[in-house]
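Chemist: The residues making up each chain are set out below.
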Amino acid sequence: MHLPHFLRVTRIIMSPVVQLLVKRLSISIIVLIGVSMLIFTIARIIPGDPARIALGPNATAEQVANLRDKLHLDEPIYIQYAKFVSDFAHGDLGISLYTNRPVTTDIAQFLPATLELVFVAGIFMIGFGIPLGILSARYRGRVADNIIRVVSLLGVSAPSFVWAVILMLLFAFFLPLFPIAGQISDTLPVPPRITGFLLIDSLLAGDFKVFASAAHHIVLPAFALALSGIGQAARLTRANMVETYDKPYIEMAQSYGFPEKRIANRYAFRPSLIPSLTIIGLDFAAMLGNAFLVEAVYAWPGLSRYGVQVILRKDLNAIVGTVLVISATFLVVNIIVDLLIAFINPRIRYAGRS
Amino acid sequence: MSKPILSIDDLKLTFKIYGNQVDVLHGISLHIAHGEKVALVGESGSGKSVTARIILGLLQELTAARISGSLQFEGVDLEKLSRRDRRALRGTRMSMIFQDPTSSLNPVYPINTQFYDVLRRGNAKISVKDARMRALSLLEDVSIPEPERVLDSYSFQMSGGMNQRVMIAMALANEPSLLIADEPGTALDVTVQAQTLHLMRDLVERRGTSVLFISHNLGVVREFADRVYVIYRGRIVEQAPTRELFHNPGHAYTKALMAAVPRITGGGIPDLPADNKHFEDPMVDRFREDVQ
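Sequence order for the protein chains is A and B.
Just so you know, the working numbering puts 260 at position 260 of the first sequence, and the rest follows in order with no gaps.
Positions in the second sequence are counted from 1; adding 1000 to them yields the working numbering.
Everything labelled a hint here was simulated from the structure, so no lab data went into it.
Here the structure is a predicted model, which is why all the values come from computation and not from measurement.
There's no promise every hint is true.
Said to hold, decoys possible - Label-pair ranges, simulated between beta-carbon atoms:
| hint | chain 1 | residue 1 | chain 2 | residue 2 | range |
| --- | --- | --- | --- | --- | --- |
| 1 | A | Pro189 | B | Glu1061 | 54 to 62 Å |
| 2 | A | Ile29 | B | Glu1061 | 49 to 57 Å |
| 3 | A | Arg270 | B | Pro1145 | 26 to 34 Å |
| 4 | A | Tyr350 | B | His1278 | 51 to 59 Å |
| 5 | A | Pro159 | B | Thr1063 | 53 to 61 Å |
| 6 | B | Ser1127 | A | Gly91 | 49 to 57 Å |
| 7 | A | Arg270 | B | Thr1063 | 21 to 29 Å |
| 8 | A | Gly91 | B | Pro1145 | 58 to 66 Å |
Stated by the list, open to error - Partial selection, computed: residues in chain B whose CB lies under 8 Å from chain A:
| hint | residue |
| --- | --- |
| 9 | Leu1056 |
| 10 | Leu1059 |
| 11 | Asp1100 |
| 12 | Leu1105 |
| 13 | Val1108 |
| 14 | Tyr1116 |
| 15 | Arg1121 |
| 16 | Gly1122 |
No residue lacks a Cβ here, since even glycine has one placed at the ideal position from N, Cα and C.
The task is simple: from the sequences and hints, build the whole structure.
Modeler: Put into structure tokens, the structure is as follows:
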């Protein structure tokens, strides 16, 4: 209790959660270095000359040679990588051959729309998936459980681009409840760009009409993206909770006559959330990849569409930049999930303390 | 003596699993008087724990369980109560202590949270602050030295003996008239088990709580119970006041059970035959009128 000041500080610094954070961050940095080497190499060994693709069929051999020289394509790959690292240290990812702009500018423009879509999908995944799983476990073996299980299996078994098309047909075409595509109505002015997230920028500008339109536009693509995650989260929550229901502490809660709802929502749910959360975190990150196809279906102006274009054009710098940004987002999401788990699992929070 | 707190008459239990019927209880009858400590002794699978769960009304929630017979608790026919009224008794008029205290406490909530839920069963409007005060005094009653620290701890941070004390405090928190102890402390080591049992006995004697004590451990039963029922394969084979039972066991199974207790003086692992036609002999009832 009455430790000297410096000792108390070390206790906080060395608290298990901080240790966990430090460990996860250092692992993430190593992973990012590995990913950068891998994608840097792969981008350069897939067939096709990026300079030739960028300049088109009418360019002269001299022009192509000039561009190759500018891109350092004729130098050994480790020299190229060293140059990439030194540029990266200055916040420079090079010029995109597709847009002719710095890759960082492109990413800054397209990433927010993708993150916005993935975040809303993530909210759907957690907001629908987990409660459905809880209900399913609470009424296990009964009608509600069977319906939820069939529906979530459907969600898991079809890929999100299929759902994107189905939802678009059903709720935008046959039953025009939602707009077909795009991020906002064409007739509305785009609010000044502050965060790049349309939902947030429109609120910051106080323009509720734009906000409503943006929210209206994001529902279908986000739902299509979230459906497999909803199914997965529901199934996982159910499975883990059914297992938890067999634990002695649930029988004890029942023997004390605690309300069934409280037993489900607290006593059984929280211990079950710990194993579910890791997988839900991975699913959340996987949506970044699935967003590629959903964005294509809904003409969503996000990073994924940009990513597809640059891969098709073998736009080296843009490929490396896009992949790195997506990997980094993936790692950040995983760190957040680990911290959440530490928050709800006292065994991690108090590990190593007496 | 006064009317019994609990009386069970001809209780039968059958599990129906995939069309197969498994008879678990073949019509057992037992009663517990006010303030009496009654033990139900038998080997695992004999039907001790299911009896406890039927009294609490937990087994009735299983669709596979078929239950018949009568259960009277404090003069009320339990089987005539609605599910809701039945649940209202749990944690208030009757409560239960489990085998392994550490795994019976929720690992992700501190003791305080669980104690609050227990106390709310007795008084739905109790404030968080009052509940904490009450929990502290209850923990003092079970001789916990630092109740403040225990309330803010998680079950995995404490020893089994400490958790067992917490369980006892919770079970007695709402002053139930019947305490069911299902193999209490079997998961603990012998000395800690003895300590917590002494503590439990003192508390229930002081409060006049009736106890149904379920165990396979004859040594513990001898120290704790006033009267013993011996159960074998879903039938009560003998009942007698504790002293009498131990001095002069009447039924073949009871004799075998007593011979099966390993002795500290050696003699090898005793042998309890799995099958003996005398085990199916009719019940030996030595419940004397003067006790009743």
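Chemist: A separate judgement is required for each hint: does it hold in the structure or not?
Modeler: Structure-based check of all given hints:
1. Between Pro189(A) and Glu1061(B) the C-beta distance comes to about 60 Å, which sits within the given range of 54 to 62 Å.
2. The supplied range of 49 to 57 Å is met by Ile29(A) and Glu1061(B), whose beta-carbon atoms lie about 52 Å from each other.
3. Separated by about 29 Å at the C-beta atoms, Arg270(A) and Pro1145(B) satisfy the suggested range of 26 to 34 Å.
4. The hinted range of 51 to 59 Å is satisfied by Tyr350(A) and His1278(B), whose Cβ atoms lie roughly 55 Å apart.
5. The hinted range of 53 to 61 Å is not satisfied by Pro159(A) and Thr1063(B), whose Cβ atoms lie roughly 38 Å apart.
6. At roughly 56 Å, the beta carbons of Ser1127(B) and Gly91(A) sit within the given window of 49 to 57 Å.
7. Judged by the Cβ atoms, the range 21 to 29 Å given for Arg270(A) and Thr1063(B) holds: they are separated by roughly 27 Å.
8. The given range of 58 to 66 Å is respected by Gly91(A) and Pro1145(B), whose C-beta atoms sit roughly 59 Å from each other.
9. Interface hint status for Leu1056(B): upheld, as the beta-carbon distance to the closest one in chain A is roughly 5 Å, under 8 Å.
10. At about 11 Å, the closest approach between the beta carbon of Leu1059(B) and any beta carbon in chain A exceeds 8 Å, and the interface hint on this residue is violated.
11. Hint status for Asp1100(B): holds, given a least beta-carbon distance of 6 Å to chain A, under 8 Å.
12. Against a cut-off of 8 Å between C-beta atoms, the interface hint on Leu1105(B) holds, since the closest Cβ of chain A lies about 6 Å away.
13. Below 8 Å, beta-carbon pairs count as interface contacts, and Val1108(B) has one with chain A at about 5 Å; its hint therefore holds.
14. For Tyr1116(B), the interface hint is violated, the least distance from its beta-carbon to any beta-carbon of chain A being 11 Å, above 8 Å.
15. The criterion of a C-beta within 8 Å of any C-beta in chain A is met by Arg1121(B), whose closest approach is roughly 6 Å, and the hint holds.
16. Interface hint status for Gly1122(B): violated, as the beta-carbon distance to the closest one in chain A is roughly 10 Å, over 8 Å.
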